[in-house]
Every structure is written in structure tokens, then in C-alpha cells.
Amino acid sequence: MSDGMLTEPVERILADTVTPAVIEAAERRELPAQVLATLDENGVFDLLVPEAAGGVGATMAEAVAVMRAFGAAAAPGPLLETMLGRALLAEAGLEPGRGPLALAFANDPGALWRVPWGGLVERIVVVGDAGVGVAVRAEAHVTAGAGPCGEPRDDIVSSRPVALHPIGPGAFERAALLRSGQIMGAIGWVFERSADYANERQQFGKEIGKFQAVQQMLAVLADNYLAGSGITEAAAEAGEARLIAAARSRLGEASDRAIEVGHQVHGALGFSREYALNYRTRRLMSWRDEYGGVGFWRARLARMFAGLSREAVWPAVSGVSG
Amino acid sequence: MTLRLHLDAPRLTPRAEALRADVRAFVAEERAAGRLPPPEKIGMGFSPETSKRIGARGWIGLTWPKTYGGGERSALERYVMNEELLAASVPVGAHWAADRQSGPVMLKFGGEDLKTHFLPRIAAGECYFCIGMSEPGSGSDLASLRTRADKVAGGWRINGRKIWTTNAHRAHYTIALVRTSQIEGARHAGLSQLIVDLKSPGLTITPIISMAGEHDFNEVLYEDVFVPDERMIGPEGNGWNQVSAELAYERSGPERWLSSFRLIAELIAVLGTDARESSLEALGGLIAQLLSLRQLSLSVAGMIEAGVSPNVEAAIVKDLGTKFEQESVRVVRDIVAAEKLLDEGKAPKLRALLAHAEQWAPAFTIRGGTNEILRGVIARGIGLR
Chain A
5 MSDGMLTEPV
15 ERILADTVTP
25 AVIEAAERRE
35 LPAQVLATLD
45 ENGVFDLLVP
55 EAAGGVGATM
65 AEAVAVMRAF
75 GAAAAPGPLL
85 ETMLGRALLA
95 EAGLEPGRGP
105 LALAFANDPG
115 ALWRVPWGGL
125 VERIVVVGDA
135 GVGVAVRAEA
145 HVTAGAGPCG
155 EPRDDIVSSR
165 PVALHPIGPG
175 AFERAALLRS
185 GQIMGAIGWV
195 FERSADYANE
205 RQQFGKEIGK
215 FQAVQQMLAV
225 LADNYLAGSG
235 ITEAAAEAGE
245 ARLIAAARSR
255 LGEASDRAIE
265 VGHQVHGALG
275 FSREYALNYR
285 TRRLMSWRDE
295 YGGVGFWRAR
305 LARMFAGLSR
315 EAVWPAVSGV
325 SG
Chain B
1261 MTLRLHLDAP
1271 RLTPRAEALR
1281 ADVRAFVAEE
1291 RAAGRLPPPE
1301 KIGMGFSPET
1311 SKRIGARGWI
1321 GLTWPKTYGG
1331 GERSALERYV
1341 MNEELLAASV
1351 PVGAHWAADR
1361 QSGPVMLKFG
1371 GEDLKTHFLP
1381 RIAAGECYFC
1391 IGMSEPGSGS
1401 DLASLRTRAD
1411 KVAGGWRING
1421 RKIWTTNAHR
1431 AHYTIALVRT
1441 SQIEGARHAG
1451 LSQLIVDLKS
1461 PGLTITPIIS
1471 MAGEHDFNEV
1481 LYEDVFVPDE
1491 RMIGPEGNGW
1501 NQVSAELAYE
1511 RSGPERWLSS
1521 FRLIAELIAV
1531 LGTDARESSL
1541 EALGGLIAQL
1551 LSLRQLSLSV
1561 AGMIEAGVSP
1571 NVEAAIVKDL
1581 GTKFEQESVR
1591 VVRDIVAAEK
1601 LLDEGKAPKL
1611 RALLAHAEQW
1621 APAFTIRGGT
1631 NEILRGVIAR
1641 GIGLR
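Residue numbers (my numbering), protein chains in the order written: chain A, 5 to 326; chain B, 1261 to 1645.
Next up, chain B with everything else stripped away, as it sits in the complex (with noise of 0.2 angstroms):
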């Protein structure tokens, strides 16, 4: 039987649209302190200032008891707030991936102790974390991956190679989802989630250049790190349970189809109103996917709040999304080339940024998870199997 797929469009609340011009407010005293970036790159800039004043604001950990810091708000109301930092390109990569799956893995399976000792310091934007799933050998095969824990007295040893760790040289902690037991043809089981301290002695960072000649990735060797007990996160051997969830929580935000936001919106400004009609159409089919993205995106962020889970759909958004990303790259490359628009040295800006897209946008498609392996989420959630 297939699944009905439905999705209801929630309506924003006059509390989110309040928060929507906080920040938006927050936005222009960035840009007119000269702190946001030049519209020259794409991608998530990394600044521990603007983290720090983010947090200030309460913006990290928005949905989180006010207890480890949080603010208590909505799923929808988050949505609100990363939708409008992430269209100004507002830096938040240092405390992204805390704020997105870390602070919620620990919040959702961690202890006591944990949840006292991280979240309220990652609400703060002072302390980031970075993700230690993928490893040499195990990339879409995740569950294959090798790296393995010991038990020695008051915690555990570590033992492997960790790869395209982004932001390992800059983060404070990563979580690492290692091997803590073996279970005869369950390779599912017997995994775990530690929290190292990335300072860890036998803990070695090795740079990895993206292939934009940029420095976000690395390699994080481990040889007998030792992680004490109390920073495993949930029980041992739960580990594939809890990435499962935490993939979830990567999936549909708004960062799955904002990534090419800023070139759409310089075309945008440099393109005027005296275009071809071939050109109108071609950027018309983008703001029409941006739309539709939107309401889906809006309506996942929707259904989380009333606590369902989303897996097929967020799968969705980010299958549509990141291909939306790759192919506005090359239809503004086209509506560029057709309109002249770089010619003579006009629009550096302009040129600069589609020149950094380009090297960026196979990339869209691979992070967090590839196009195919999401399809295969999508395909058993409509009930093929």
C-alpha cells in the first residue's frame, strides 16, 4: 500500500512573525557594522563574535528547556529565525551543528549531567561541536564503519580514523559514533555516540582541502583516546538509533536549499527589468522551486512541532532541495551568458560568486548524505520495499 503523502501548510503565529523582525533587526545592525560577509562566497561562514551575540539574543537552542538555557520556543519559530539568518548569509557555522543535531541528541538521549554541563554553554555560542560519522572506508554505508571503543576503567578507549569532520580545527567537541561492541550479523548494533574533547591527547587534526580551496574539512585520527564514561551519549550500543534521529534533524531545515540563495538574489539585483523573456523564465522556475521548497521546508519544521516525525519528508526536502541548489547554479550561469551580464567587467560581485558556486555545487548534493541513499529513504517510506 502506498503511502498518502500529505503535508499540511502551518501558519505562522504573530509570536513568529515578531521573532521574524527581531531578527531581521538583528540582521541590519550586522550589516551596517560592516560584520556580514561581502556577497562574494556561498556557503555557512564560521565566526565565534557573531555566535556569541546570537546566543546572546537566545537564539541558540531556541526550542530547548529554559533550564539548559533554551527558550522554550516552537519548531515553526526556529524555522523562522534560520530562514532569515541564513538568506542575509549571518556567519552561524560555529554553533550550526550544536544548535541543529548535537544539543538535541543530548537533549533527547543524554543524561542529566551531560545536558547541564553542554547545553547551556552552546546556547551561549560558546561551545561548538562537530560531527564524527563518516570515516575512510564507511560513507553512505554508514553502519560498515570501523573506528572502535574499548572498555577501560572510568570510560573508554579509542581507536580509528574519522573523515570530512568539518570544522574539527575550530570546534570544541566532536561526536564521535564508534563501535562499542560486536554483535554477530547485527552491524546496527553495538554502536555508540562518545563526546570527545577535540584538545583530547592521541587526538591528531589533519586539514582536508575542499576542492574550492577551502579549509572546512578534515581528518581526525584517533589512537588510544581515552572518553570517560559519563560522555557516552544514551545507553551503549544505541548509537545507530540516536544518528538516525539526529540524520532526521539535518535533512529539512532551511540550509538545504538556501545554499545558492545569495547568487538567485545577485542575479537578481544585476539582471534589472529589461530582460529577455527566455531569461524571466528560467529565473521564474527558480523562485517558483525557492516558493514551493519554502512550504514544504515550513510544513516538515510543522509537523515536528506536533511531534511527528518527518523521515520520508524531510528525505524529500533535501533530495528537491539540494538538486534545486546544484541547478540554479547552472541556470543563472546560463541567464548570465545570455544577458551578457559579466561582459566588459560588469557585476564582480556577480562574477565572483557564481565562480565560487560552481566549485561548490557537486558538492550539495553528496553532504549529509547522497541524493541515492535519500531516495532509497523515500522509496521505502512510499512502501516499496
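Isolated chain A, as found in the complex (with noise of 0.2 angstroms):
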């Protein structure tokens, strides 16, 4: 299946759906029902459940495509969440069910801090050590809160305990990967409209684009998002740690770079809420943070690098060993 067939519908269905009137509502705690409901009603909370459990059994690679789409559209809710808290239920042989969810890894898995949308779904994945489970939140005590994105980061603490079934390794990578695919997305809009907007807005006389200063920030942002795009995608088609650790590592960077350039360019109408730039730079503010941070990525791939010879590290690098 290539990338297209299954990003295309559902950049057609974002299209439609995704209003700023739904981030701003998403922003104010509200679940934006009928984009969840028509993502849903065409399969694409489905997409990592595998086909014997009723999904569509996509690849990872696949997967993040969609991601990608999600993420340049500034689309709210708990679509990462819901998409993979499905797959890891199927996995350990639990119900999936209907319905958004939130997803958490925790080693207390009583106690949930700063989860996407968790005070506004009815359950809450939770992955611990021993597997995965559900918290029920009208069983638990929620402080509701927000991240820079502005969609609820709300604190869970459960008056029940949440049992745990065992599955297979990776469900963080996994989380991280998808998340990769949203900051990617991101990065992809604000370097696109800024280049295209540097080239509308005159000052001097002349379209901003034409001065070096100008030029030579683009120039910064698109190696950042090539970069940044391109360690990702091969990530996302090898599945390996190591190719994730320093996706999630370099997409962090390229945040960096999205963020301060895409507003650089736009001046002050970029810090205008009204003006779309906001919706996919508050959201990076987010995003790079979450499933692991720049530092614990970076710090992890170095831990698998460390203690090699000097003669080993190429081969570490080149992901070829011998």
C-alpha cells in the first residue's frame, strides 16, 4: 500500500474538518466530536490493529504518513492516542471498543501525569513494566491542565487499581514514532507557508524573500526539516531504536529551528492568534516534548553507543555489524 492511498482520504477528511473553530473549541476542552467520529467511521483509528482483530494491520511506516497529515492539518484530539491505545489493546487481547482514548505509560500506573485528553475520554490506556490496562476515568480523580498546545495535559489519579496485560516491547518507541510523524507534519506547514509567505509580504518595495537575511533563515529551516523529515522516515520503515532515538533527537532541533524561523519570517502577524501559524508552532512547543524529550532521546542513543571501541562505532553507525 503506498503512502497516498491512505493519506490522501484523510487529508480530505481534515480538510473538511479540521476548522479553527474546532482547535479553538479543542482548546477550551472540548473533544472534536466529528472529526474523531469521521476518521473513526473510515478506519483510521484501525490502521494498527491487526486484520485478524478486525483493523486494517498497517505498517508503522504507513501509519506515520497519516501522522504526517495530522500534524501539517494542526488536528486536535487524541488521534495518536486513540490509534495506538487500540493496537496495544488488540495486542494484549483486550477489547478495543469504540470511542476515543488517551494513553499514558506510567510506572505507578495509579497515578497519570500530563496526558493528552485524559480528563475527557472515558478511558485511559495505561503501560506499565508488566503490559497494558485500562483506567476508567469516572474512576479517577482528574486535574485538568494544558500544554502549550492548549489542549488538556490533565493530571489522572485512580482510586482503583489498573491491572496490567502483558505484551511485546517497543509500545513507547512506538508512541514516540507516531508522535515523530505529527512534529514532521508540522514542521512541513510552517516551512512551506513561510517560504510562501516571505515571497507574498513586501517591505523596502521588494517581497521579503529576496533579501539574504530572509533567505538564509528558509534555507536553515528546510535543511532542518530534511533532516529532520528524512532520519523519521527511515525510522519509521526500520522500526529500530536506535533510528528512533535520534529521529525524536533531531526532530527536536528542528522544532527549534520551525518554531523561531516560521515567526521570525512572519513578524507579528505570525503572533496573532488568528493567523494559522500558531496552531502548528504551539503544538511543536508540545509535541517535542512528549513520548520522551529531546534530552532523554539524546541521552538513550547515547547509552547505545557508549563503552564501544573505537573500531565499533562506525559499524554502529552504519547499522551494519562485522
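The hints are simulated quantities; they were obtained by calculation from the structure and are not laboratory data. A quick note: this is a predicted structure, and the numbers were derived from the prediction, not measured. It is possible that part of the hints are untrue.
[Stated by the list, open to error] Pairs of lysine to aspartate or glutamate, EDC-like flavour, derived with a Cα cap of 16 angstroms:
1) B/Lys1368 <-> B/Glu1496
2) A/Lys214 <-> B/Glu1632
3) B/Lys1411 <-> B/Glu1490
4) B/Lys1583 <-> A/Glu257
5) A/Lys214 <-> A/Glu204
6) B/Lys1411 <-> B/Glu1496
7) B/Lys1609 <-> A/Glu315
8) B/Lys1459 <-> B/Asp1484
[Stated by the list, open to error] Here are the in silico distance ranges between beta carbons for each label pair:
9) A/Pro173 <-> B/Arg1593: 31 to 39 angstroms
10) B/Ser1569 <-> A/Gly311: 39 to 47 angstroms
11) A/Thr147 <-> B/Ser1569: 50 to 58 angstroms
12) A/Glu99 <-> B/Leu1602: 58 to 66 angstroms
13) B/Pro1608 <-> A/Pro173: 35 to 43 angstroms
Ideal Cβ placement from N, Cα and C applies to all residues, glycine included.
Take the two lone chains and join them into the complex the hints point to.
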């Protein structure tokens, strides 16, 4: 299946349903019901559920391509969380059910911090060392919060223990990789919009994109976008822990550059709530730190290399041992 | 309209991975025989003996037609071979310019006689070239160059001055970009490329010692240097098109992000497993960049293989790669300080390597075209005018 076969219908759905009003409502703690329902009707949240369990059985690369479309559209809601949550429940032999899910990784499944949309969905998929389980919101104490993206990031303390069912390794890496897709999509939007804006906006009698200072900034953003998306696509294709850690590290820097350059090129206009740039840049501010922040992934990547001899470093970089 | 930047990640074929294994076996032999430079300096060593051994394996001109001594292998295989050689610091400097750009430019634009005369000797690792573009008054603004060739019976007579010519004192030929005609208002027209024997009468090579104290660069003075007609590459006046194509070959290869690899590998070897979290974070940032650059460089090789001309993407690799090389020296220095790795006479090799890399670092973002010029290329490529 080519990426386009999955992403084009998703892009059409997003174009129809993700309006500024929907994004703003999501930032006032309203679930984007129509976005979620339309995506669900079209099977998007069952992408990673195996075919045997009634899902689509898509690859991570295909799912990352869909996440990229979500990121470019600044689509709100627990999208990643519902998609991966269902796959993890199915993997554990639990019923994924319908409706949106939240997702949290925790050593103590009773206390979950800064959970995306945790206070607004019925069920929170909890992943701990022993496996996956479900915390029921109605049986938990919710403290509402929000990240820079404005969408809910809630603290959830369960009054009842959450039973965990074993699953294979790599759930956290999959969450991190899917978040990479959204980050890459948002950076791509910021890059393309900023370059177009530089070609439209006139100052001193010419388009600002004709000034070398502006060109140099946008070239650096192009560099970062290409570097971040290249390593993310490689990670999605290979699913290797090394490449996932590298992708999240690299995308962290690329996010910083996209926020900085995107706003600098747009000037005051980009700082207005009405102009769509902030919907992407504020999401980047949240996403770059979720499912492992930049420092976490950098240190994890370094640990894969720590202790190697001089001659062993290159085989580890190239991914070909011997 | 903004260009949609996109690269496809190519898959390396079993044949490419088999070549990687062959190159690693060669590297192991070279290491066992004590022929690899000790890990105290960065940079590309110059060793005619090594180049001949590499040539004997068929690894110079790897992608060229067999008629001219080439291997008829893919650009991706060449990429794999080069990253293996460079990561191990095999001294490939003698044949590097000829393999990367002089040979390809002859192959693409040169006549049959030129190709049969030069390419097999280059592929054998016996004939070395250097690049004659920069002049004292023409660096980033290459088209302003003033070295000229006047038509004389049977050839051209060159007068002028080239500078920063790496290896002119130990190569056999240079390809000089010269003005052969003056067309009013068209400064990119009227330039041509001539292959000049560095032993020609009237040609004087003067060393330029780098700030690191080494002799790699030279000034090359031309005083009535005669070059026969048949040593012109392509038609008269086509030089600008030819060097533009040539410069793209220069930009995206692993040499643009592996210059400091030796230093990073040495740091990892010395650092061990009980470093501070902050040091691990800094090191991980470098490794992430390294992995992402490798991915980009590989993708550009894939585009070259697919027959696409990846000018913008190649410029992006060089801009990112050379900035990374510079930044990695700074990060290694910070980690070395935080972990006190050089205290009490520890790690003398790392100390020497770091001192050498620091002195070379300013050159990374200048050689082969400054990053500011590259960013101009990127800006045009993404639709800014």
C-alpha cells in the first residue's frame, strides 16, 4: 500500500473537519467530536490493529504518514492516542472498543501525569512495565491542565488498581515514532507557509524573500525539515530503536528552528491568534517534549554507543555490524 | 510556489552490502599492516601507494564504464564504499578529486580521446588531479575569474593565477577554469576548462601553509603556459555549465559530514560507560545528527542513481554536514572539559586529535563553497528569488 492511498482520504477528511473553530474549541476542552467520528468511520483509528483483530493491519510507516497529515493540519484530539491505544489493547487480547482513548506510560499505573485528553475520554490506556491496561476516568480523580498547544494535558489519579496484561516491547518507541510523524507534518507546514509568505510580503518595495537575511533563515529551516523528515521516514521504515531515538532527537532541534524561523519570517502577523501559524508552532512546543523529550532521546541514543571501541563506532552508525 | 522537499530512503542492495564487506576486509588488512594513519589527526591523508591498492581492487571510477577502466557499479555502491573508507580514515586524498569530479566531468563532457587517455590511469590509482577554480580575486564569486587562455596555433596559452589549490604540489594534472572569450554582459559565458600538466613550462607552484601548519594548499602561477587543443574539456565557452555540474558532485558525499568522525569515535572510546547525563545528552545529539546526515547523503546518492539532479538537496547536505562537523568539535571539547578526560596526562590521542580538529574546524564551512553561498542555492531552490 502506498502512503498516498492512506493519506489522501485522511487529508480530505481533515480539510473538511479541522476548522479554526474546532481547534479553538479543543483548546477549551471540547473533544473534536466530528473529526474523531469521521476518522473513526473511515477506519483510521484501526490502522494499527491487526487484520485478524478486525483492524487494517497497516505498517508503522503508513501510520506515520497519516500522523504527518494530522500534524500538518494541526488536527486536535487524542488521535495518536486512540490509534495506538487500540492497537495495544488488541495486542493484549483486550477489546479495543469504539470511541476515543487516551494513552499514558507510567511506572505506577495509578498516577498518570500530563495525559493528553486524559480527563475527557472514558478510557485511558495505561502502559507499565508489566503490560497494558485500562484506567476508567469515572473511577479517577482528574486535575485539568494544558500544554503550550492549549489542548488538555491532565493529571489522573485512579482510585482503583489498574490490571496490566502483557504485551511485547516497543510500545513507547511506537508512540514516540507516531509523534514524530505529527512533528514532521507541522514543521513541513511551517516551512512551506513561511517560504510562501516570504514571497508575498513586501517591505522596502520588494518581497522580503529577496533579502539575503531572510533567505538564509529559510534555507536553515529547509535544512532542518529535510534532515528531520529523512531520519523519521528511515525510522518508520526500519523500526529500529537507534533510528527512532535519532529521529526524536533531530526533530527536537528541527522543531526549535521551525518555531524560531517561522515566527521571525512572519513578524507580528504570526503572533496573532487568528493566523494559523500558532496552531502548528504551539503544538510543536508540546509534541517535541512528549513520549520522551529531546534530552531523554539523546541520552538513550548515546547509551547505545557508550563503551564501544574506536573501531566499533562506525558499524554502530551504519547499522551493519562486523 | 514553494518546492516540496522530499527524499526517498533508498534500500541498499545485497550487492552494495557485499561491497561494504569487501571494503571492511580491505580496511582490516590496511590496519593490520599498520598503513592507517594513527588517530591523532583528522583530514584526508595522501598516499599514492594506498590509492594504487584501491585502484587495483577496481574501486576508483567505480561507476564509470568498463571501457575506461570503471566498474559500472551504482552511485549507491560508490556511496557505501566511500563512507567505509572515510570512516576508517583510509588515506584516499591522492585520487579523491579525480574520482569525485575530474573523471566524471571528463566522462560527461570530454571527447573520446580525452577519456581513453586519462580515465584508465585515474581508475588505476596512478594519475591524480587537483581543482583549478579559485583565484586571488575570485572565491565565492567564481565567474569573476581573470585567468585567461588565448588561442594560439594548436592550442591555448594561459596566463593568470589560481589559489588554494589542494595537492597541486603532488598531483599530476589540474583542470583550470579559464576565460577563453569575453562576451559583453554575459559573465558566465566564455569560460572553459583545460587540463593542464602540472609540469608544464611556465607553471610555478608555491606552497601556502594552512593555519594548522600543514602544506595542502598551493598557489599556481601561469606564465604563458601552453595547453594543446585536445586538452580542452567540452566545447569552448561551456565551462560554467561544466563546473556547476562538477560542484554538485562535491557537495553531498560522506566527506562533507565525516571530517570529524574520527574525533567522535575517539571520544566514545575514551568516555566509557559512566559519563554524566548531560554529557550523554550532548553526545547523543551529535550521534543523532550523524545518523540523519547519513540518511540524507544516502538519499542524495539514490537520487543521483535515479538520474535526478539533486542540486538543492546536495547543498542542504553540505550546509548541514559542515556545520555539524564544526559543532561536533565544540561539543567534544565541552564533554572533554566536563568529564575531565584530559586531566593528568590522560588520553593523549584524543588530546592531539581535538587540538588538530579545532584548528581545522573553521575551514569546514568554507572549502568547496561557503555555507552562505550554499544557502543562497537552497533559497533559490525552494522558490525564493
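Status of the hints after comparison with the structure:
{"no.": "1", "hint": "B/Lys1368 <-> B/Glu1496", "result": "15 angstroms, holds"}
{"no.": "2", "hint": "A/Lys214 <-> B/Glu1632", "result": "15 angstroms, holds"}
{"no.": "3", "hint": "B/Lys1411 <-> B/Glu1490", "result": "13 angstroms, holds"}
{"no.": "4", "hint": "B/Lys1583 <-> A/Glu257", "result": "14 angstroms, holds"}
{"no.": "5", "hint": "A/Lys214 <-> A/Glu204", "result": "10 angstroms, holds"}
{"no.": "6", "hint": "B/Lys1411 <-> B/Glu1496", "result": "11 angstroms, holds"}
{"no.": "7", "hint": "B/Lys1609 <-> A/Glu315", "result": "15 angstroms, holds"}
{"no.": "8", "hint": "B/Lys1459 <-> B/Asp1484", "result": "13 angstroms, holds"}
{"no.": "9", "hint": "A/Pro173 <-> B/Arg1593: 31 to 39 angstroms", "result": "37 angstroms, holds"}
{"no.": "10", "hint": "B/Ser1569 <-> A/Gly311: 39 to 47 angstroms", "result": "43 angstroms, holds"}
{"no.": "11", "hint": "A/Thr147 <-> B/Ser1569: 50 to 58 angstroms", "result": "56 angstroms, holds"}
{"no.": "12", "hint": "A/Glu99 <-> B/Leu1602: 58 to 66 angstroms", "result": "60 angstroms, holds"}
{"no.": "13", "hint": "B/Pro1608 <-> A/Pro173: 35 to 43 angstroms", "result": "42 angstroms, holds"}
Every hint from the earlier list agrees with this structure, and none is contradicted.
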